[in-house]
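Q: Sequence:
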Amino acid sequence: MLKMDYEEVLKAVFPLLDGVDLASCMAVSKQWRDIARDDYFWKCVCAKRWPSICKRPNPPTLTFYKLYQTFYKRQNRRTLLPPRLSFDDLEFFIDIWTEGRLIFSEVVPGPVLQAGIKIPPPGICDMLRFHLEGPEYKMTLPVEPRFTVPICQPVSVSVLVGRKDSNRVACIINKSLFDYIDRTAYRALAFDYLDFSPDYPFISGIRAWISLLFMDDGNDGVIDVFGVEMDFCDAANSKDEVLWLLDMLDWK
Numbered sequence: 001m002l003k004m005d006y007e008e009v010l011k012a013v014f015p016l017l018d019g020v021d022l023a024s025c026m027a028v029s030k031q032w033r034d035i036a037r038d039d040y041f042w043k044c045v046c047a048k049r050w051p052s053i054c055k056r057p058n059p060p061t062l063t064f065y066k067l068y069q070t071f072y073k074r075q076n077r078r079t080l081l082p083p084r085l086s087f088d089d090l091e092f093f094i095d096i097w098t099e100g101r102l103i104f105s106e107v108v109p110g111p112v113l114q115a116g117i118k119i120p121p122p123g124i125c126d127m128l129r130f131h132l133e134g135p136e137y138k139m140t141l142p143v144e145p146r147f148t149v150p151i152c153q154p155v156s157v158s159v160l161v162g163r164k165d166s167n168r169v170a171c172i173i174n175k176s177l178f179d180y181i182d183r184t185a186y187r188a189l190a191f192d193y194l195d196f197s198p199d200y201p202f203i204s205g206i207r208a209w210i211s212l213l214f215m216d217d218g219n220d221g222v223i224d225v226f227g228v229e230m231d232f233c234d235a236a237n238s239k240d241e242v243l244w245l246l247d248m249l250d251w252k
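In this text, residue positions in the sequence shown follow the working numbering: the first is 1, and each later residue adds one.
Please note that a few of the clues may not be correct.
What the hints assert, rightly or not - The calculated lysine-lysine pairs, modelled on BS3-like cross-linking and capped at a C-alpha distance of 25 Å, are:
1. Lys138 x Lys239
2. Lys239 x Lys118
3. Lys48 x Lys11
4. Lys252 x Lys164
5. Lys30 x Lys43
6. Lys11 x Lys30
7. Lys66 x Lys55
8. Lys11 x Lys43
9. Lys43 x Lys55
10. Lys252 x Lys239
11. Lys164 x Lys175
12. Lys252 x Lys175
13. Lys43 x Lys66
14. Lys30 x Lys66
15. Lys138 x Lys175
16. Lys11 x Lys66
17. Lys11 x Lys55
18. Lys239 x Lys164
19. Lys48 x Lys66
20. Lys138 x Lys164
21. Lys118 x Lys138
Stated by the list, open to error - Between beta-carbon pairs, the in silico distance windows are:
22. Ser204 x Lys48: 22 to 30 Å
23. Leu102 x Gly221: 19 to 27 Å
24. Lys30 x Trp251: 56 to 64 Å
25. Pro121 x Tyr193: 30 to 38 Å
26. Asp195 x Pro150: 29 to 37 Å
Please keep in mind that the hints were generated in silico from the structure rather than gathered at the bench.
Even glycine gets a Cβ: it sits at the ideal position worked out from N, Cα and C.
Using the sequences and the hints given, assemble the complete structure.
A: In structure tokens:
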């Protein structure tokens, strides 16, 4: 009786899981594997991803489990050809203003931005440290010397990128405001939509994000900036993907 109750609990929970979690359950024990192999559970998974396929009396393969397995593996095998650009070919022009006054202006070689902040300064909050050390691909730059900005003042940023191989320039961010301050992670964020070449008419809606990384100096009205971070998290999660994205910009 207890065994029956235990199985009934699993059969009630398994239809609620996604494919990755259901596959993990199959590795718990032989009993869990035998229950989780029931194709009804995999039909529930497929119905969440491809609802229309479940309207057919039979899936296009032998089982819904095979259907999910085939497309999940294919998605994970996605690879990119080597990018035509490298960070050695690039330099970034970063300018930051507050109330029309230039407070930061640097020409940053691509390899420097790629190398990033190797050792975060002491005293940063745990949330920001966790973010900087996370697996997501990002580019960071230490600000030397640091600068402070009153929160009540509007702060804007522009970022251009230049190609050394052709002497051409593209715009990444055009005078965008840092209009969101995350006090829990000590980041002020701005973004702009990337302008792509007419050669790629179907690519749009991808944002470039830039953040001011700051310390807690005990003054709620001022941010003490020690670094700048840039990423393209809408579409790029690796160095190669970032380079492919930059190669598609509208270079002038």
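Q: Next step is simple, just say for each hint if it's right about the structure.
A: To see whether the hints hold, each was checked on the structure:
1. Lys138 x Lys239: Distance ~9 Å between lysine 138 and lysine 239 Cα, so the pair holds.
2. Lys239 x Lys118: 16 Å, holds
3. Lys48 x Lys11: Satisfied, since the Cα-Cα distance of roughly 18 Å is no more than 25 Å.
4. Lys252 x Lys164: The hint holds at about 13 Å.
5. Lys30 x Lys43: Satisfied, since the Cα-Cα distance of roughly 21 Å is no more than 25 Å.
6. Lys11 x Lys30: 15 Å, holds
7. Lys66 x Lys55: Holds: lysine 66 and lysine 55 sit about 17 Å apart, inside 25 Å.
8. Lys11 x Lys43: 13 Å, holds
9. Lys43 x Lys55: 11 Å, holds
10. Lys252 x Lys239: 23 Å, holds
11. Lys164 x Lys175: Holds. Lysine 164 to lysine 175 sits at ~24 Å (cutoff 25 Å).
12. Lys252 x Lys175: Measuring from Cα to Cα gives roughly 18 Å; hence the hint holds.
13. Lys43 x Lys66: Cα-Cα ~10 Å, so holds.
14. Lys30 x Lys66: Since the Cα atoms of lysine 30 and lysine 66 sit roughly 19 Å apart, the hinted pair holds (cutoff 25 Å).
15. Lys138 x Lys175: Roughly 21 Å between the alpha carbons, so the hint for lysine 138 and lysine 175 holds.
16. Lys11 x Lys66: 20 Å, holds
17. Lys11 x Lys55: 22 Å, holds
18. Lys239 x Lys164: OK: lysine 239 and lysine 164 at ~19 Å, within 25 Å.
19. Lys48 x Lys66: 16 Å, holds
20. Lys138 x Lys164: 22 Å, holds
21. Lys118 x Lys138: Distance of about 12 Å is within 25 Å: holds.
22. Ser204 x Lys48: 22 to 30 Å: 27 Å, holds
23. Leu102 x Gly221: 19 to 27 Å: 22 Å Cβ-Cβ, so the 19 to 27 Å window holds.
24. Lys30 x Trp251: 56 to 64 Å: 58 Å, holds
25. Pro121 x Tyr193: 30 to 38 Å: Once the Cβ atoms are compared, 32 Å apart, the range 30 to 38 Å for tyrosine 193 and proline 121 holds.
26. Asp195 x Pro150: 29 to 37 Å: 32 Å, holds
In summary, the structure agrees with every hint in the numbered list given earlier.
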